[in-house]
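With the sequences and hints as input, model every part of the structure.
Residue numbers (this note's numbering), protein chains in the order written: chain H, 1 to 129; chain Y, 130 to 315.
Please note: incorrect hints may appear among the correct ones.
To be verified - Below, simulated DSS-like cross-link-like pairs (lysine-lysine); rule was C-alpha separation at most 25 Å, straight line:
{"hint": "1", "chain 1": "Y", "residue 1": "259", "chain 2": "H", "residue 2": "64"}
{"hint": "2", "chain 1": "Y", "residue 1": "274", "chain 2": "H", "residue 2": "81"}
{"hint": "3", "chain 1": "H", "residue 1": "42", "chain 2": "Y", "residue 2": "274"}
No lab work stands behind these hints, which were simulated from the structure alone. As the structure is a prediction and not an experimental result, all values here were calculated from the model.
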Amino acid sequence: MDVKDLKIESTIKTPEITFLAKEGRLTLSGRSIPENSIDFFKPLNDWLNQYFVKPNPSTRIEVKLEYFNTSTSKSMLDMFKFMEGHNGLLTSIEIDWYYENDDEDMLEAGEDYQAILNIPFNLVSVEEL
Amino acid sequence: MAHSNLYDFFRKMDQDGVILSYKGIISPELITSILNIMESKMQVVEDNLRIRKKVYNVLVEILQNLYHHVDAIPDSFNETQSDNRVVMVIISKDDTFYTVQTGNYIDNSKVNSLLKRIDTINELDVNGLKEMYQQQLNSAVISDKGTAGLGMIDIVRKSGNKLEYLILPVGSANSFFCLTININAI
Numbered sequence: 001m002d003v004k005d006l007k008i009e010s011t012i013k014t015p016e017i018t019f020l021a022k023e024g025r026l027t028l029s030g031r032s033i034p035e036n037s038i039d040f041f042k043p044l045n046d047w048l049n050q051y052f053v054k055p056n057p058s059t060r061i062e063v064k065l066e067y068f069n070t071s072t073s074k075s076m077l078d079m080f081k082f083m084e085g086h087n088g089l090l091t092s093i094e095i096d097w098y099y100e101n102d103d104e105d106m107l108e109a110g111e112d113y114q115a116i117l118n119i120p121f122n123l124v125s126v127e128e129l
Numbered sequence: 130m131a132h133s134n135l136y137d138f139f140r141k142m143d144q145d146g147v148i149l150s151y152k153g154i155i156s157p158e159l160i161t162s163i164l165n166i167m168e169s170k171m172q173v174v175e176d177n178l179r180i181r182k183k184v185y186n187v188l189v190e191i192l193q194n195l196y197h198h199v200d201a202i203p204d205s206f207n208e209t210q211s212d213n214r215v216v217m218v219i220i221s222k223d224d225t226f227y228t229v230q231t232g233n234y235i236d237n238s239k240v241n242s243l244l245k246r247i248d249t250i251n252e253l254d255v256n257g258l259k260e261m262y263q264q265q266l267n268s269a270v271i272s273d274k275g276t277a278g279l280g281m282i283d284i285v286r287k288s289g290n291k292l293e294y295l296i297l298p299v300g301s302a303n304s305f306f307c308l309t310i311n312i313n314a315i
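Right under this line is the structure:
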């Protein structure tokens, strides 16, 4: 059975997550500052696990976060590494990391991931998120 | 508190440019409240969006670090609070810096490793911090609490200033840990 669209509403401390199955496009937006990010990322990781059984030929991850804490930083890396392991098997994956053009902290955070990961990881500068 | 002391307290906070001060139990709900108050206050006192975001970002990390790592109050001091996660947080501003100061009890057994960690981080320059952060991010295993040893590095990296601290011994088994973080306001 194909995976359906996914939608997780944002809260004060967690981002909005949408996945459009037809396009193979996953978007995280808003802020991610939960005290414990494991609880938040668990359902998303479970869902990705299912998705990779029969994924779209191409998968695009859009990260458009305003803020995130270090707990999220680690959970996101674990998620990206999981994607790295699936890249090129049944789907080719690209990650787009959005940052506002004068936001050095967000640019540096993207560069951190770029340095660690071995998966197409694009830094996308925008006027406003 | 006597009324005369109350006025002294008010004057002192006023002179020190205190934006927010809190003494009490730290919880996720309290952190949310402080962040909400600071977000609306910052919109009034700070025009620069980048600085507003930076202060917010650093504050999140400081408060959550405190929440995850605060130790119990020594029994002999535990007169008014039934919960042990009691901390102090003061956020202030002068012409040069936004300053976040925190105070909390720490078990003496943990003091040496904490200070060693801070001193190590304080010695690093921008590139050293980047390297340490990436290494820790890549190699650390996330704990059940959701921590990965990144908080302190992130605070110094984002604030652009070294951590200032003082350990006050308060008995054979406990100390009070004072921490100051400056964030450039210009």
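Each hint tested on the structure:
Simply put, residue 259 of chain Y and residue 64 of chain H have alpha-carbon atoms about 22 Å apart, close enough for the 25 Å limit, and the pair holds. Proposed proximity of residue 274 of chain Y and residue 81 of chain H is supported: the alpha carbons are some 21 Å apart, at most 25 Å. Using a Cα cut-off of 25 Å, the hinted pair residue 42 of chain H and residue 274 of chain Y holds, with the two alpha carbons roughly 14 Å apart.
Every hint from the earlier list agrees with this structure, and none is contradicted.
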